[in-house]
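Enquirer: Construct the entire structure; sequences and hints are all you get.
Number of protein chains: 2
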Amino acid sequence: MKIRILLFASLILPSLLLGADERPCMVFTGQDTRLIRENLGKYPMFDSVFVQAKSQVERALAVPMDVPLPKDAGGYTHERHKQNYTEMYLAGLLYSVTGEERYAVFVREMLRKYAALYPTLGEHPARAGESAGRLFWQSLNETVWLMHASQAYDFIYNWLKPADRELFEKNIFRPMTEFFTVDRVSEHDRIHNHGTWMVAAVGMAGYAMRDQDLVDKALYGTKKDSSAGFLKQVEQLFSPDGFYTEGLYYFRYAIMPFILFAQAIENNQPGLKIFEYRDQIFRKAVYTGLQLTNMNGDFFPINDAMKEKNYRSPEVILALAIIYQRYGQDPALLSIAKQQGSVALLGAGVSVAKALTIEKKPPLFPYRSMEFTDGERGDEGGFAVLRSGSQDDQLVVGLKYTGHGLSHGHYDKLSILAYDAGHEILQDYGAARFMNVESKFGGRYLPETKAFAMQSIAHNTVVVDEKSHYDEKISISEKQHGDRQYFHAENPDFQVTSATCTTAYPGVAMQRTMAMIRDEKNSKPVVLDLFRVVSDREHQYDLPFYYVGQFLYSSVPYTAYDKKRTTVGSANGYQYLWKEAEGKPSGPVKFSWLNGSRYYTVTASSDTGIEVVFARIGATDPNFNLRPEGAVILRNRTRSAVFASVIEPHGLWDGNKEISRDAYGGVASVAVSASTAEGTVVQVLWKDGRVWTVLVSNQDSAPAKRHSIQSGARNYEWTGDAAIVKY
Amino acid sequence: MKIRILLFASLILPSLLLGADERPCMVFTGQDTRLIRENLGKYPMFDSVFVQAKSQVERALAVPMDVPLPKDAGGYTHERHKQNYTEMYLAGLLYSVTGEERYAVFVREMLRKYAALYPTLGEHPARAGESAGRLFWQSLNETVWLMHASQAYDFIYNWLKPADRELFEKNIFRPMTEFFTVDRVSEHDRIHNHGTWMVAAVGMAGYAMRDQDLVDKALYGTKKDSSAGFLKQVEQLFSPDGFYTEGLYYFRYAIMPFILFAQAIENNQPGLKIFEYRDQIFRKAVYTGLQLTNMNGDFFPINDAMKEKNYRSPEVILALAIIYQRYGQDPALLSIAKQQGSVALLGAGVSVAKALTIEKKPPLFPYRSMEFTDGERGDEGGFAVLRSGSQDDQLVVGLKYTGHGLSHGHYDKLSILAYDAGHEILQDYGAARFMNVESKFGGRYLPETKAFAMQSIAHNTVVVDEKSHYDEKISISEKQHGDRQYFHAENPDFQVTSATCTTAYPGVAMQRTMAMIRDEKNSKPVVLDLFRVVSDREHQYDLPFYYVGQFLYSSVPYTAYDKKRTTVGSANGYQYLWKEAEGKPSGPVKFSWLNGSRYYTVTASSDTGIEVVFARIGATDPNFNLRPEGAVILRNRTRSAVFASVIEPHGLWDGNKEISRDAYGGVASVAVSASTAEGTVVQVLWKDGRVWTVLVSNQDSAPAKRHSIQSGARNYEWTGDAAIVKY
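Residue numbers (numbering that gives the first Met the number 0), protein chains in the order written: chain Y, 0 to 726; chain H, 0 to 726.
Hints in this document: simulated from the structure, not taken from any laboratory. Treat the hints with care, as some may be off.
Treat identical chains as interchangeable: a pair holds within one or across any two.
Cut-off 30 Å, straight-line C-alpha distance, at most; resulting in silico cross-link-like pairs (DSSO-like, lysine-lysine) [stated by the list, open to error]: (1) Lys656 with Lys53; (2) Lys523 with Lys81; (3) Lys583 with Lys686; (4) Lys578 with Lys562.
Expert: Okay, here's the thing in structure tokens:
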């Protein structure tokens, strides 16, 4: 497509000639205008975004404007007001870039309609829950509206007659910001993504109206005492590493108001040095968010999460551009931008598009094994990621020992997820929700989110006595977190991480240690997974593996419930699992599945009376709200135990070319040789005769400490947190 | 990768200098040698195939040769003998192209090992079924071995010492061809893909040994009376349209011996004009095979079929190149070759690669709505395909009214399958098999193929009284077929096809008429599906829709069996279906699912007491051999009835960008206004007030005939097989 490049030279350029009150001056400034004008037609990725925006606005200009009376929560009026704010914003932007007055007229006319409508509104007729809006059923959408409208207003501010400015401020911006800062003060001053959206919107309205008092409320809380507000949120929602406490799904959502408002602050109050704040926390947040994706860009779906979300989402495209521009144009970000396939409609987007035009093969994003702390001071647990292999065939495991993660947090601690070669192999279910799908509860969170997906049995972690962690009490869970024990990624052949949780079940201490072990004799690395539970009372311990793919076989002799089927349990999420089969192993527990072109086998120790339950999600689900996916649950009734498992990717399968290699994998068995408060010793036996002895500490990290465990006649000794001996 | 281009000029080139007995002279001739030598280094697609073959042979040359005693049916010895024939063939080819003697030595050494082994073998120790081999558990694999070995022998024939030739013929080629033509004569003279492989192998061995008698047995049957053999197979297995009677999965498999042996015949007995045979039947076969794929290349999975198979399979790559070269280099084949991403390692492959280097954007393959006849004379029913939309967003439905399709045929008649935008929307299950996956019954057909996948309830067609078509008796089914009624694709806005089957159930006449209707008011075309059953006795009629994707909702009030679950029935495949829910509609039957980025809704008439069963595959499946996919079954207990349904793709869903449009679709209801022996009249009501009246004949095609149906006070009149009136 050829871009029609406009010649601006002969036009009267509005914003650039007015010095008194420099506008636009929000996320988008004269600098952005200049960058775009100078570069249109040069960089196809940016041009295509610009052309798309232009054609969207042209379509809007060609049809009658509609600012309907708010009615529904997800139907026409809802969608229309969303469409309106986007069109207003883009029209303002186009006015700034092209100088064509018809765009400014469009914004003015729409704001006039809102100025007529807004003062007539009470609470939204379809409101639900605590924080109703007026234009929208929830105030959250209304803050997004305000953020866009404030910027649209800013774009045409200098062009507007004073009477219009007065009208818009009096009828829209004043009452709406008052609504937020007074009626919705608890939302405004809340440390939560909803709060972030609200303070960003209020702050932008403040800048648009040149109302520093309003801006200060946004920055420091309505009391202006720094007890709440944007800066407090920046402090409390991110750990020092930039880990966003709600998880990746909400990171993706919240990063937009965080970054956009930061940009507005920088443009209006550069003295605050917001992009340097907390040792460049915004930079860290974006890099951390990107690290916590699978190689195909999918965000790790811990807590409430929709699996469709990946780093190609519009919010991340926006954030990436600003981070790229603000922090030294790191070329490693360009490989992500290339995958995103689009750029932000900002000056920063021009920079990214330009760099991608020059740098056809940007360096790969530096994915690596890393641990991330959670909590304001980084002392509330965290999340560890082990990776091995090239970016196009990488094995990835994540271990969750974070804090609760606010209202969308799940209770599970020490759960894992695994990916290989871009595929999800062991899944965290995420949330039960079909985003925006009206027939699924209006696209909102489905009841099965709380009833199943949030329950601990929906996760790859140990569940004690069929109750969720923290007995599903957020009041307790939100005060707790897992604890890092150690993390070592120095040796690419033997990476190891360990975390504990002693608070999920009173009287049961849990520890999970994972080692990613690479060996030249194996085609792929394997993961040794040690889940240790310690109690002085007998409990039922369930450890599910939510495999993704076609189940192949199990070594466990089982009874299949294949004529009549009932649920695995009756409460705490168990009622959502069909019991497909159950059995008692007579040797090592093995089960195997196929995903993409590779086989996966879990080989688990079975020396302590393990039972195995084969389950499938989908019971107690009359509305077909769940995905019918499978799990294998290792079950043990005892006081203390170690679930020792090797997760082994192996072989190759190509149904089209009829290739199948190494369908059974190489691990023969796994056995726990010893496990004490000091450490655990496990032996992995390979079919080709190799034996690995893995020795891990069950204590806090002490790299120089000499460990010794007596087990029967044998004494195991090693130095440091973990060791492996191969023979 | 840079290709090392060998300079041949200074070498003694073996095959090109020897005129007396021109070798190689099989599939591959001196002409191929020349074409490859002249063009190496010019066309990346061909170079990459050549380099791959070379490195495979170099790896083989670098390790000890192994020709093991046959032992297993899918383990090491099986795979090793397969590997050996490939390496032998490729080494022979490389000798021919490069003139490097070490390749010839490799082939000779391997043939010597086989010459030592073969005479010692009796029937394979892991034989199963009727046609055991000696090197392999089934003779089928052994024919593939012979086809490759004959060609490998041919490549080095002139280079070999006479003593070796004598040894190989005496110890391998004579006894093996005798084994096939005498001991396995029923397989050799059988009209079936196994027979095709065998005659092709025997014929090639005949050409290699210059034994015309053996070739004649291959061509005309062991009796040499044209009662069997290759030519008979070419006649009987393809319809005049080139439809391969076993279905697409076996088309893909059989096309390899068909095309390769045809090539060998052409190179040895050009007087037979094999590529002109039956009005260029090989050309027709390949084009028909390609037409019977979805837009992503997947073959329609009727009868026993593995869904991994698509036109990128090696057999089709081979066939395409030869067809391209033999029949005028049709550029439309190049777009398929481009999708295949690879070319044949033949002179023909050079031609394809060359054309693709010149033609970067070849014309699209001419997918279009078509019908295909089945049977030697084209009078045994057939298969109809309706298509609408551009190739990247095409709606496709197929209607099966073929003959049985030999031993891998399924009984179902009048079943449909549907694809949209490259996705499977309504599925034919195919076969229950995980090709080559050892843990799944050695990769062979699973028992669930016969017990479930072959049963009629596993297909989107009407099942009467819970029994499969033809009561699951192949002796009856193989003598029957559906019958074409009419097919009209002239009007892209109203395409229609109709077929009948009166033989599947004595006393029940079935007819299915499908219309693909495009309308500028709809974003996508819809399919109107009319399944009419006529009987003078009451029966239970079940019509399943095996939807693919996430079930969203149904308008039918239902009872969900979500705490305890039992099977839908107890026999004939029903025992493999869990009954998830059942209900009786109070208005139109609607159910909806999501697949990819689109919504799909089926709206069915419910005026004759329909019940609805929501089912999921996977009961009676203790070994987890089935895929847990869903179906909605419309059930009616009556004498005669019409199931009238609209299959409607609609809207857009993007979970990442949070876009959802038109989630409910536009059809309000569907009602049968009249249905007689003369015709059926159906009304489709749209939510926006539009009404479509569709009038279809229930008789043989008669485009000029005036139809008239009285229904109550109304009289419906139309001319021709089908008409639509919109208001």
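Enquirer: Now tell me, hint by hint, if it's right for this structure.
Expert: Evaluated hints:
{"no.": "1", "hint": "Lys656 with Lys53", "verdict": "between (47 Å within a copy, 19 Å between copies)"}
{"no.": "2", "hint": "Lys523 with Lys81", "verdict": "between (48 Å within a copy, 25 Å between copies)"}
{"no.": "3", "hint": "Lys583 with Lys686", "verdict": "within (23 Å within a copy, 57 Å between copies)"}
{"no.": "4", "hint": "Lys578 with Lys562", "verdict": "both (12 Å within a copy, 11 Å between copies)"}
In this structure, none of the earlier numbered hints is contradicted; all agree with it.
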